[in-house]
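A.B. asks: Turn these sequences into a full structure, and let the hints guide you.
Number of protein chains: 2
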Amino acid sequence: MGNSRENKAIAIDAMGGDKGPNEVVAGVAMALKNGWIQDEIHLVGREETLADLLREHELQTLPGILLHPASEVIEMSEKPVQSIRSKPDASLVRTIGLVKDGRCGAALSCGNTGSLMACATIKLRPVEGVSKPALASVWPGAGNHFVVLDVGANPLCKKENLLQYAVLGYQYAKDALGIAHPRVGLLSNGTEVTKGTGLIVETHDLLQAIQGQIHYVGPIEGFDLFNNTVDVVVTDGFTGNVLLKSCESLWKMLKGLLKEELTKTPLRMAGALLLKGGLEETKRRLDPNNHGGAPLLGLRGTVLKAHGSSDRVAIANAIRVAATAMEHNLASHTVTAIATANETLGQSLAGES
Amino acid sequence: MGNSRENKAIAIDAMGGDKGPNEVVAGVAMALKNGWIQDEIHLVGREETLADLLREHELQTLPGILLHPASEVIEMSEKPVQSIRSKPDASLVRTIGLVKDGRCGAALSCGNTGSLMACATIKLRPVEGVSKPALASVWPGAGNHFVVLDVGANPLCKKENLLQYAVLGYQYAKDALGIAHPRVGLLSNGTEVTKGTGLIVETHDLLQAIQGQIHYVGPIEGFDLFNNTVDVVVTDGFTGNVLLKSCESLWKMLKGLLKEELTKTPLRMAGALLLKGGLEETKRRLDPNNHGGAPLLGLRGTVLKAHGSSDRVAIANAIRVAATAMEHNLASHTVTAIATANETLGQSLAGES
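Those sequence lines, one after another, are chains A and B. Using our numbering, read the first sequence as starting at 27 and increasing by one per residue. Using our numbering, read the second sequence as starting at 27 and increasing by one per residue.
Please keep in mind that the hints were generated in silico from the structure rather than gathered at the bench. Be aware that one or more of the hints could be misleading.
Since the list gives no way to pick out one identical chain from another, each pair is judged satisfied if it fits inside one copy or across any two copies.
[Said to hold, decoys possible] Cut-off 16 Å, straight-line C-alpha distance, at most; resulting in silico cross-link-like pairs (EDC-like, lysine to aspartate or glutamate):
#1 45 <-> 337
#2 105 <-> 218
#3 34 <-> 127
#4 221 <-> 104
#5 149 <-> 115
#6 281 <-> 306
#7 290 <-> 307
#8 113 <-> 101
#9 290 <-> 306
#10 285 <-> 306
#11 185 <-> 228
#12 59 <-> 84
#13 281 <-> 307
C.D. replies: Now the structure itself:
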């Protein structure tokens, strides 16, 4: 939800990805073809480049596709706050601007994560009752996909932050990912409440008080992450960031090792050829690009960060998730959910005294 | 090193593992056959059972294999402190007792991790200058193996703890795993020092002061874990525990998914058959059982926890690692290393004032 009116248009930073603007425009074309776009698409970037690409993809005559010029591009290596201050006409900055101005309800970028977080946090106000936004990430599990938050926006979390992240994650899993009754777990070093740190024990008490609202299942441990025990994993931004990057590193190592072993002898190579479909299917099922990327939650407006190396399929999927979130009124549901949680907690505290 | 004298005998809890005492005795036989045992082996457990098993494995006449009766067994589900208090004659408790009494230099168990940690922490004094012991874990990476600590002994770490863990991990990687110049990294949410929490920034300063002693490479992030960037990963017991269990969960999910995809069609099954060697080799290379299990570091005496499901190969490997550690004088090196680090830090602090 923008500042001024309910708005379901999507602003897209067309310049930030590793694969360049052509892949972004191709993603828009794919999303259109699949019927995933319900409202305007605002493409932000170098005007001439984008106009050429729209012609190439035969999108130039569609009234729902609009161009917004932006002369600069923030590179992946730039420092967050510095980059958005020194490049006010960067595509990423202009994209967030469209949400700030209320022209779009959601922003999508595959550019510099730090810059996107900094820009959105500075330009968009947080939802009433949310102290700090969270960066969430959608991971593949055995038979489900689950949301992990925070994965890096807020390394030093307080219990209030974690409580808010539980509500934000629950609502996102429900409205954007279409999970009917998301199960929420609090990541700890054991499933017994007493095992956790002070922060975990205190957050557990708060989450129990709003258990009816968010389907809180209790503290979970690392073993519960990939085995379909929960749909939302609540953790601080330090642990979440370490976890996200470590799992990505482990997955990369395993792929490399498997490739090395499966190509060691001609016999194995023949076997691998027969298995090509199975190996590719495994990779596809695990590919996080199919799930819309990483949302920045808790701000007025949906902000999605797609992976820097996103191809057209990933872009189209991110558009689909953003459109789904808006169709299900994620923004207004979030405002209500945070207010309800705070009211319940207030009553629970009043009841105690 | 026991309390009284330098001692290279190994005490083994023969009862605690999931596979029972036969697997433990078979592991001893295997380690003997491979020439991995240099000193006495003290087997602790039900006397009759063990005497029968020694006969079965033709070890009963060897003077270096000794039996120690223990009438009780701590189950995996029992609570740590309660279990060791209520079962003073448990094999696990008696095993640690042999190190405490100075009869053995190292203890090995595949029983209840919590009980082993509690028992060792209560019975064995910490090395001079170490505040709390750490549970370390050895993980397979791309081209190396690396030590992660703490993975659960101390969820709420202070900078002094992390500093000591860096020294303990370095020394273990060197003396027990045979890594000539272990590289030590401090796990953070980014490689820039300023990105980390206050704890990380302060620990970084301490580690830099002893950089020459432990080959400290700086803060690392999750991406650096499995790609042969470091040999020792220093982290608090909360993050380490979450990470250890999450990676195990991810690995289990991946194996399940791969199995499902590779057996979906007859063609794929034929391919998988050709690849059997490659898939098994991959699994073997990743199996943490080949690296001696999880050491409890910082106590007077080497304590090794092998996985509950350890087979004879895992037991034999744990014996090999314990023997290597003692052969290289891990215990006395650790005492010196901690003292040296504290001296350097004292001088560095004095120099500052």
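A.B. asks: Using 16 Å as the alpha-carbon threshold, which applies to residue 281 and residue 306: within, between, both, or neither?
C.D. replies: both (11 Å within a copy, 15 Å between copies)
A.B. asks: At 16 Å max between alpha carbons, let me know whether residue 281 reaches residue 307 within a copy, between copies, both or neither.
C.D. replies: both (13 Å within a copy, 14 Å between copies)
A.B. asks: With identical chains, the pair residue 149 and residue 115 could be close in the same copy or across copies; at 16 Å between alpha carbons, which is it: within, between, both, or neither?
C.D. replies: Only inside one copy: residue 149 and residue 115 sit 14 Å apart there, 66 Å across copies, limit 16 Å.
A.B. asks: Is it within, between, both or neither when you check residue 221 against residue 104 at 16 Å Cα-Cα?
C.D. replies: between (40 Å within a copy, 15 Å between copies)
A.B. asks: Up to 16 Å between alpha-carbons, please classify residue 285 paired with residue 306: within, between, both or neither.
C.D. replies: Classified as both; 12 Å inside a copy, 13 Å across copies.
A.B. asks: Have a look at residue 290 and residue 307 and pick one of within, between, both or neither, based on CA distance no larger than 16 Å.
C.D. replies: between (22 Å within a copy, 11 Å between copies)
A.B. asks: Classify it for me, residue 105 with residue 218: is the Cα-Cα distance of at most 16 Å met within a copy, between copies, both or neither?
C.D. replies: Result: close only across copies, 11 Å inter versus 41 Å intra.
A.B. asks: From the Cα coordinates, with 16 Å as the cut-off, is the pair residue 185 and residue 228 best called within, between, both, or neither?
C.D. replies: within (7 Å within a copy, 23 Å between copies)
A.B. asks: At most 16 Å between alpha carbons: which applies to residue 45 and residue 337, within, between, both or neither?
C.D. replies: within (7 Å within a copy, 49 Å between copies)
A.B. asks: How would you label the pair residue 290, residue 306 (within, between, both, or neither) given a Cα cut-off of 16 Å?
C.D. replies: between (19 Å within a copy, 13 Å between copies)
A.B. asks: Which holds for residue 59 with residue 84 at a C-alpha limit of 16 Å: within a copy, between copies, both or neither?
C.D. replies: This pair counts as within: shortest intra-copy Cα distance 12 Å, inter-copy 74 Å.
A.B. asks: Quick one: residue 34 to residue 127, C-alpha cut-off 16 Å, is that within a copy, between copies, both, or neither?
C.D. replies: within (13 Å within a copy, 73 Å between copies)
Every hint, counting from the list given before, is met by this structure.
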